[in-house]
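The listed protein sequences derive, respectively, from chains Z and H. Start counting the first sequence at 256; every next residue gets the next number (the numbering used here). Start counting the second sequence at 79; every next residue gets the next number (the numbering used here).
In short, the hints are calculated from the structure, not lab data. Please note that a few of the clues may not be correct.
Derived CB-CB ranges, DEER-like [claimed, not checked]:
# : chain 1 : residue 1 : chain 2 : residue 2 : range
1 : H       : V294      : Z       : A462      : 41 to 47 Å
2 : Z       : A536      : H       : D210      : 41 to 47 Å
3 : Z       : T262      : H       : H84       : 52 to 58 Å
4 : H       : R214      : Z       : V303      : 51 to 57 Å
5 : Z       : T262      : H       : R214      : 30 to 36 Å
Positions of the beta carbon are idealized from the N, C-alpha and C atoms, including for glycine.
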Amino acid sequence: MIDVHSTRRIAAALRAGARGAGERPLVFALAVATMAAGLLVLGAYLLVIANLRGVLARAGAELRLVAFTELRGAEGDEPVAALAAKLRAQQGVASLRYVSPGDALSRLRGDLGQDAGALEGLDHNPLPGSFELAPAGGARDPAALRGLADRVAAVPGVTDVRWGEPWVEGYARAVRIAEWIGAGLGAFLLVVLGTIVASTVRLSLHARADEIAIQRLVGAGAWFVRLPFCLEGALQGLAAAALALAILRGLFALGLPLLGDALAWLLGGQPAVFFGAAESAALLALGPMLGLGGALVSLVSLDERA
Amino acid sequence: MIQMYHVDLRYAGGTYGLRDVSLVLEKGDFVFLTGSSGAGKTSLLRLLFGAESPSAGQILVAGRNITRLPASQIPQLRRQIGVIFQDFKLLPERTVFENVAIALEIAGVSRSEIRTRVWSMLKRLGLAHRIDHKPRMLSGGEQQRVATARALVTDPALLLADEPTGNLDPALALDIMDIIADAHARGTTVVVATHDPALLERYRHRRVVLDGGRLVSAKSPEEYALPARHAGERRA
């Protein structure tokens, strides 16, 4: 239970933290610059990951299962609609599109190009009608697609299902690797940043050791001593995150025209995008959290009796 | 107010700061802790405000057994005690006002009350004109008065003073002692560590004499007024 005296103590400690930040502008600026450099690297890395994930997400959205049917094109619309309804009812199907035997033959002609003449000798269209099924967002991994393919194959009227299993496996592996590398490098950068903040706070603690000792002698509790450093760490983190975000935005705007072709190739023709409001806010929030975390780590051993 | 029973303070390496010290101080007492340098005066004071833990024995301060007090409760104990240090222990980058106010901030007093009480205390100690100055701009006597103001501004139940006049000339020493005596007159229990015979002569209060970490005598002022052969030593 926090009483009025504790509240006032907390307020006094926070005022001391704000005052401390203002009293050592050079130390504060150095800490901010160091953290901002780290956050800039982290932010740039996250930006690359976000864009690569976008590429992978778009590739995933283009995934299709093709269900070949017994439909030959002469049955009229009713059997097509009935089969379409059965397929649409399958769990994991986001949308579907019917490709009639005629459409399939036209596509084949287009794909063959100059060799399309080879089809002229056919006395009838050998291609069946088919459905192209777009899997739902949560059903794009190989296991889910395999399950969906099995369910679709079991629908009466479907003769075969193809879904480019090797490609999907490769896609899933690429996503997994990107996520693991992302998590590993991200964690590494966070630890490095946390260490930088903790070292900065430890230096600050060392510089103010006499002041802390005197505070303790006149009755300051551990949290009265810790809070100013926590606030200072959080303020440094916030300033560093804002600075890193601004620099990153500037570099993105300046670098985009220079790297346009290379980026377009890397991103499969898609334009590079900067963080949205939510991602920017998350990066901004990361700064104070890191500052606070680093301060807490370096203050954990503060002795109550000293 | 203070009860010490067979207290030892042994440092790493086996040397003793205090040995088998037993002492009782009632609420409102004024006691001089005397003895030569290294006798154990500072060690005893440090035990009383929880800066050291005894190696043996029990210490009760204001009814609380501080030998069993968890470390997290030590700050609460210290908020009830005013301590004047021989080396002042002022915050060099803070003003006189801030140095005195810190004791009240730590006690959780409101900002408006802090302003009133600090101003009033500094005025009483003749430091009102120094309120915005930093310690390095003050004389030794003024710094000691600031330290005294910080110790007294919370109206502590117990005041511990470690050689509060050690760095001062005789006139300033009497100033500081008068301030401490004034606090005692208003009900504060006072323990002053000193080896200044002039102070002991002028302020005739009970004396606790330490020698080599042992309590060798604890006499009332009346006993000191008598020839030694009539004054029986007693363990408090």
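Open item on the list: Hints numbered earlier in the text: which of these fail when held up against the supplied structure?
Closed with: Of the numbered hints given earlier, the structure breaks just one, which is hint 3.
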